[in-house]
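Asker: Chains as they are written, first to last, in the numbering used here: chain B, 634 to 1217; chain D, 12 to 298.
Derived by calculation from the structure, the hints in this document are not laboratory data. Wrong hints could be hidden among the right ones.
Calculated pairs, DSSO-like style, for lysine-lysine (alpha carbon to alpha carbon, straight line, at most 30 Å) [stated by the list, open to error]:
hint: 1; chain 1: D; residue 1: Lys139; chain 2: B; residue 2: Lys785
hint: 2; chain 1: D; residue 1: Lys38; chain 2: D; residue 2: Lys294
hint: 3; chain 1: B; residue 1: Lys789; chain 2: D; residue 2: Lys139
hint: 4; chain 1: D; residue 1: Lys294; chain 2: B; residue 2: Lys701
hint: 5; chain 1: D; residue 1: Lys221; chain 2: B; residue 2: Lys1033
hint: 6; chain 1: D; residue 1: Lys221; chain 2: B; residue 2: Lys795
hint: 7; chain 1: D; residue 1: Lys262; chain 2: B; residue 2: Lys833
hint: 8; chain 1: B; residue 1: Lys1088; chain 2: D; residue 2: Lys294
hint: 9; chain 1: D; residue 1: Lys295; chain 2: B; residue 2: Lys1019
hint: 10; chain 1: D; residue 1: Lys38; chain 2: B; residue 2: Lys839
hint: 11; chain 1: D; residue 1: Lys288; chain 2: B; residue 2: Lys839
hint: 12; chain 1: B; residue 1: Lys1044; chain 2: D; residue 2: Lys24
hint: 13; chain 1: B; residue 1: Lys1024; chain 2: D; residue 2: Lys276
hint: 14; chain 1: B; residue 1: Lys785; chain 2: D; residue 2: Lys38
hint: 15; chain 1: D; residue 1: Lys38; chain 2: B; residue 2: Lys795
hint: 16; chain 1: D; residue 1: Lys295; chain 2: B; residue 2: Lys797
hint: 17; chain 1: B; residue 1: Lys1083; chain 2: D; residue 2: Lys198
hint: 18; chain 1: B; residue 1: Lys1024; chain 2: D; residue 2: Lys288
hint: 19; chain 1: B; residue 1: Lys1033; chain 2: D; residue 2: Lys273
hint: 20; chain 1: B; residue 1: Lys833; chain 2: D; residue 2: Lys38
hint: 21; chain 1: D; residue 1: Lys294; chain 2: B; residue 2: Lys1033
hint: 22; chain 1: B; residue 1: Lys785; chain 2: D; residue 2: Lys288
hint: 23; chain 1: D; residue 1: Lys276; chain 2: B; residue 2: Lys1033
hint: 24; chain 1: B; residue 1: Lys1083; chain 2: D; residue 2: Lys273
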Amino acid sequence: MKRIIRSMASEQDISLVLCGEAGQGIQTVEQLLTRILKLSGYYVFATKEYMSRVRGGSNSTQIRVSSKPVQAPIARIDVLIPLDKEAIEHVSTHLDKHTIIIGDQERLNSGKNVIDVSFLKMAQEIGKSIYGNIIAVGLLSGLLDGEFEIGKHFIKSYFTEKNKEELVEDNIRAFERGYQEAHRLIKEEQIDSKYFLNLKKNSKVKNNLLLNGAEAVGLGAIAGGCNFISSYPMSPSTGVLIFLAQQAHNFNIIAEQAEDEISAINMALGAWYAGARAMVTTSGGGFDLMTEGLSLAGMLESPLVIHLAQRPGPATGLPTRTEQGDLHLALFAGHGEFPRVILAPASIEDAYQLTQKAFYWADQYQIPVFVLTDQYFMDSYYNIDKLEVPKGEIVRCIIKTDSDYQRYNLKVKNGISPRGIPGFGEGLVRVDSDEHDERGLITEDSQIRKSMVEKRNSKEYYLKKEALSPVLVGSSDYRVLCVGWGSTYHIIKEALERLDKPDITLLHFQQVYPISEESINYLHRAEQIVVIENNYSGQFSQLLERQTGITVDTRILKYDGLPFYADELAQEIKDVLEGKGDQK
Amino acid sequence: MKKSIDFHKQDIKPAWCPGCGNFLILKALQQALVELSLIPQQVVVVSGIGQAAKTPQYLNVHMFNGLHGRALPPATAIKACNPQLTVIAEGGDGDMYGEGGNHFLHTIRRNPDITHLVHNNMVYGLTKGQASPTSEPGFQTPVQVDGVISDPFNPLALAISLDASFVARVFCGNLEHTVEIFKQAIKHPGYALVDIFQPCVTFNRVNTFKWFQENTYVLQDHDPYDRNKAFARAIERDRLPLGIFYQNKQKKTFEQKLSVHKDQKTTFLFRTINRDKLGDLIKKRQY
């Protein structure tokens, strides 16, 4: 029977899904395959969804391979590699009659039509059953015409770097075996190769970078001068802590795993006080514990960078899944009134730039700045061209103190009293969680209280002026404006490309608070506003309505713990515009 | 002659009740700092919230007055980022042993070179007279109407059990002894706990100045390097010993163990990013 990858005619890309239990090494396949294909000259995108367990369950990784940039997940599956019995069932809603399933027919015991490749038997012939994964890497590389020598070379360096030299030889054999198997399938016409071969390679892509959201935030922190991170592990925020801990020796970073999130945020404030540039990384419940510390940052007028990677709540919720449900939390957390900034990276490049910006604004304005991401963003990656190393030295917003130094000097512009550091200069640096006078000493004088409240909150005016404008993608002569924020950028962008309607444009926010004045003009010009968010209550649309006075006509909301898929979302946008969708 | 440095902040009047033990603790700390020849610019006092935690307001030093229960984490971080500073964390029994209990445990494990001064009057002052973790069983308050029914927290026994590197107790009524122990605690290279008995003249009518005089004594002929003996003394209840219970000079401090101070001696403030290494790290993402 001759079968084809049906999508190539219209779709320009192949969507591969690997699915199996935790512990079966799907991540290794993803790591190796994406890198081999990228080095071979393809654009790749990868994302994963996984259960909150270390072994067992059903986890899957989607890899899109394309001749042009791909940066978003889709529902469609062209090729499925099921690694255990449950895999086919796990992704069944995304399968259609065109999906090719390649697997161990005998072990899968599936009613579906499966192209039989006995991974297990081949792996055992090489030595161990775990080599099945690498055979899959070889098979898929072979089908997609990945460069054989590049693959072999990459596998060698991958296992050498992991200090598993003894495994190099067998893994290369497994890769070769998979590659041969691909050629057998093509030769025997079980799979039609010409559709795969429609993918065009581009030698320029070879030097592209592949990094996920967690690494981008971590690199941005280093580039922003971060030299102190204190945090408590919590999915999906831990990747940033791990990244910075791994780089601690190279970049002189103190990476401390605190006893709890309360300690973590208070340590970070102590670090800024002593002259460091500190951050915390956390998620929902962990951030809940930090909110008193956030309020302390507001009162001390201390800089602070908070990376908040959202996951679905309330309470423990879905620990390993995604949602944009904590915008209101970041916006309203902490008692009392004080200014803050919330940045929500829209892309990998953005995460690198905005995390640097977060350090700069935190230091300059002496305020807490959020970098708000989510599980989907943390765990996804795609080709990017480059990341620039900052040109000059970090500009520190610190003064050498005189003997009459007053930390909370009221005779300043913009509400920013110059920040001194203990031991740098003759002055004494007093910071106080109680309401305080200009010296930083406790006071209950109502005139001083009033002045201090005004000083702290006057920064908001300047922050608003500096706020980043949202990105407009599409014609400026639009009728419908789709609005998104944060990690959904590339998904909505692809959905609109698929719809290809000249009167629908995307307005995407990577700064969600405060929002720029300019964004109001964009919104007012739209006949219909459709806000697209990964949450139940439309938190950003509420924020927009409050801040701008506009009315949001339509909301497309998803809160099942999974990201939007570009192809599904395109259909959904079409439906709501035609009045067919279930609008909120 | 060397000009003596004054740690007394004269232009602000303490908010404590007349006769409060805090006045003596403030005085003892000022004297200890002077006798150690420190200068105000070298000293950071980190505090939480409570009557005791107001102490740095009345001292001529750097001050980080943070949240209730949370003095130890910032104190640890300040010392880690600038080991040149003398860092003291100060607060009351509710602040340090109640609200901040978890930080107490884990700060001992880290062993930063900081001094931990805990004013222990066995009652809550700022919130007006409720029981504290160290209140004696039976102690009646507007909240504990039948008297305290939980066992009192024993900070010294706990600290010794975790091999805290310096564990002492003083009674502020014995000023000379208090100054001496404060000095030793500040000089000690590592985490140093000083539990400070003090009367609360307003809310604790049981553990009064006289009660502390009658129920405490200064340790004599005690070997502070013997952990088992130290523990035995720490759980004595009939009369409460004062002095240095335990000391372990073998332990490395948190700052010494951090890699960040191994090659570079400059404080964090003046450090720069290694841009070449950052470029290399980014480039690595090509593979």
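Asker: Could you check the structure against the hints above and give me the numbers of any it violates, in ascending order?
Answerer: 1, 2, 3, 5, 6, 7, 8, 10, 14, 15, 17, 20, 21, 24
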